[in-house]
Amino acid sequence: MAAAMIQLDFAAVLVDWPLLLRGAALTLALTAVATLLGVALGVACARARTHGAPATRVLATAYVELIRNTPFIVQLFFIFFGLPSLGVRLSSEAASVIAMTLNLGAYAAEIVRAGIEATPRGQLEAARSLALTERQVFLRVVLPPSLGRVWPALVSQVVIVMLGSAVCGQIAAQELSYSTNLIMSRNFRSFEANFVAAGLYLAMAVALRQALAWAGPRWLFGRSAPRGS
Amino acid sequence: MTPRSFLTHVCAFAASAMFVAPALAQNALDEIVAKKSITIAIPTDSAPYGYVGTDLQPQGLDIDMANLIGAKLGVKVELLPVTSANRIPYLQTKKADLVISTLGKNPDREKVIDFTNAYSPFFQAVFAPKAMTLKSPADLAGKTVGVTRGAIEDMELTKIAPAGADIKRFEDNNATVSAFVSGQVQVIATGASVAGNMMARNPQLGTEFKLLLKDSPNFIGVAKGDDKLRLKVNEIIAAAKASGEIDKLCVKWLGRPAGDLPN
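Top line first, the protein sequences correspond to chains A and B. This note's numbering applies: residue 4 is where the first sequence begins, and numbers increase by one. This note's numbering applies: residue 91 is where the second sequence begins, and numbers increase by one.
I should point out that these hints are in silico values taken from the structure, not numbers from a laboratory. Ideal Cβ positions, reconstructed from N, Cα and C, are used throughout, including at glycine. Mixed in with the good hints there might be a few duds.
Stated by the list, open to error - In silico SDA-like cross-links for lysine to any residue, where the CA-CA straight-line distance does not exceed 20 Å:
{"#": "1", "chain 1": "B", "residue 1": "Lys233", "chain 2": "A", "residue 2": "Leu93"}
{"#": "2", "chain 1": "B", "residue 1": "Lys304", "chain 2": "A", "residue 2": "Ser188"}
{"#": "3", "chain 1": "B", "residue 1": "Lys249", "chain 2": "A", "residue 2": "Asp19"}
{"#": "4", "chain 1": "B", "residue 1": "Lys233", "chain 2": "B", "residue 2": "Gly273"}
{"#": "5", "chain 1": "B", "residue 1": "Lys233", "chain 2": "A", "residue 2": "Ala210"}
{"#": "6", "chain 1": "B", "residue 1": "Lys249", "chain 2": "A", "residue 2": "Met187"}
Claimed, not checked - Just a sample of chain B residues kept apart from chain A, beta carbon distances all over 10 Å, derived:
{"#": "7", "residue": "Lys125"}
{"#": "8", "residue": "Ser127"}
{"#": "9", "residue": "Lys166"}
{"#": "10", "residue": "Ala175"}
{"#": "11", "residue": "Asp337"}
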């Protein structure tokens with residue numbers, strides 16, 4: 004008993020594997036939804052900031068600056084604890100997805116905007132001379148290569164958001180960190196629990212990076228998308 | 091050396107040191123009477139038992155209790171603010187004569203200090219709006235219950251809650267209370283002091299006591315072996331219980347009489 008206090012006991016943590024698995028699954032689910040919505044929001048804001056009318060430009064800029072200059076946990080607490088006083092009551096999971104989406108959207112907007120602004124003028128002029136509409140120019144000529152140019156940065160941002168979702172446990176969303184903390188408060192095996200959680204996050208981050216690096220060229224911007232110019 | 095045997099050595103050393111101390115300095119009670127002053131450790135971070143008011147003076151049930159004991163002894167009371175973590179060391183090192191600081195009795199603590207009889211109730215309980223029917227743990231089914239993860243109330247709640255109860259665990263008391271006040275959970279399981287504070291600040295919620303989770307009354311701590319002082323304080327507590335003074339304090343600060351307090 005006395006010696007056990009300083010020995011590592013991973014079995015005490017791993018015995019709760021259903022809890023860990025459920026936590027990891029929710030972390031991935033939150034990330035998946037937030038990635039789809041967040042990247043879409045980011046693209047919309049990037050277009051608004053580069054091609055939008057003055058009013059939408061100001062609006063998009065305000066949103067991006069608001070999110071990028073406040074801590075994620077404050078945004079999360081505002082949505083979960085603050086909005087109910089305005090009559091909007093969301094579940095922990097819904098509040099988490101919204102906070103993650105808004106957060107990713109703002110950073111993605113800046114990343115995608117960099118890609119859009121790097122579009123060579125000649126390509127725009129060529130597209131317009133073919134009588135494509137502005138919408139067609141953006142969706143078919145500007146956006147795909149832009150995404151290709153910034154895809155690695157965008158994937159990194161998605162991974163950051165997934166790792167950041169660890170704080171969603173603070174509002175009782177039962178993601179991986181929540182499971183870890185719960186196990187820790189039961190058996191006081193904090194080192195082992197955090198070690199296992201870190202291993203799971205690492206595996207999930209590597210897998211997510213690989214999956215997105217594979218999926219992007221296939222579905223979003225084509226395998227032969229220009230990487231450089 | 092394993093941690094446990096190291097701890098045993100430290101305890102043995104501390105115990106032997108304390109065994110010698112009273113012999114040197116007669117005893118604490120005589121000293122208090124001679125000095126006409128008693129030093130009592132009180133909390134300042136656990137309303138309504140002990141907190142700092144807007145006038146920056148400590149107040150609360152524990153402070154009133156300290157003053158009551160001082161008055162009965164006929165000596166001046168020196169209040170010494172302590173935290174949960176350092177209240178027992180203050181007693182062990184004789185910086186305080188008594189600790190009146192929401193102190194619960196358990197076997198580990200009994201190894202290093204002595205306890206008087208209980209002087210006030212403390213409990214963890216389930217609280218919810220008056221309109222909600224919550225007569226037994228089974229009624230928690232289908233309700234969202236907020237609780238602070240790892241606290242005594244979490245352990246007790248987990249034991250009694252039915253499978254259908256949705257327990258939401260938060261990081262600390264502030265988050266748990268925020269979740270309840272903002273309506274994110276329907277029911278809250280917490281300590282009496284946290285609930286008392288929350289109810290006082292949010293009367294519009296109409297929160298009331300529903301189910302008792304665990305009774306853990308407060309005791310006054312005295313230095314190990316300080317029997318003369320301990321017995322004197324026990325006398326004062328017994329007299330105050332009989333005269334209704336303790337009930338009056340409990341109604342004033344906790345909103346309910348003391349009830350049955352163990353010796």
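field: Non-interface claim for Lys166 (chain B), where every Cβ of chain A lies beyond 10 Å
entry: holds (43 Å)
- request: Below or equal to 20 Å on CA atoms is what counts here, so check Lys233 (chain B) against Ala210 (chain A).
  value: At roughly 37 Å apart (the allowed maximum being 20 Å), Ala210 (chain A) and Lys233 (chain B) break the hint.
task: Compare the distance between the alpha carbons of Lys233 (chain B) and Gly273 (chain B) with 20 Å, and conclude whether the hinted pair is satisfied.
output: holds (12 Å)
message: Would the non-interface assignment of Ser127 (chain B) survive a Cβ cutoff of 10 Å against chain A?
response: holds (42 Å)
task: Confirm or reject the statement that Lys125 (chain B) sits farther than 10 Å, beta carbon to beta carbon, from all of chain A.
output: It holds; Lys125 (chain B) is separated from chain A by about 43 Å at its closest Cβ, greater than 10 Å.
field: 20 Å Cα cutoff - pair Lys233 (chain B), Leu93 (chain A)
entry: holds (16 Å)
message: Next pair to validate is Lys249 (chain B) with Met187 (chain A); report whether the Cα-Cα distance is within 20 Å.
response: At roughly 18 Å apart (the allowed maximum being 20 Å), Met187 (chain A) and Lys249 (chain B) satisfy the hint.
task: Verify that the Cβ of Asp337 (chain B) lies farther than 10 Å from every Cβ atom of chain A, and report whether the claim holds or is violated.
output: At about 36 Å from chain A, Asp337 (chain B) clears the 10 Å cut-off, so the statement holds.
field: Non-interface claim for Ala175 (chain B), where every Cβ of chain A lies beyond 10 Å
entry: holds (17 Å)
- prompt: Is it true that the CA of Lys304 (chain B) sits at most 20 Å from the CA of Ser188 (chain A)?
  reply: Holds, at roughly 19 Å.
query: Are the Cα atoms of Lys249 (chain B) and Asp19 (chain A) separated by 20 Å or less?
result: holds (18 Å)
Hint 5 from the earlier list is the only one contradicted by this structure; the remaining hints agree with it.
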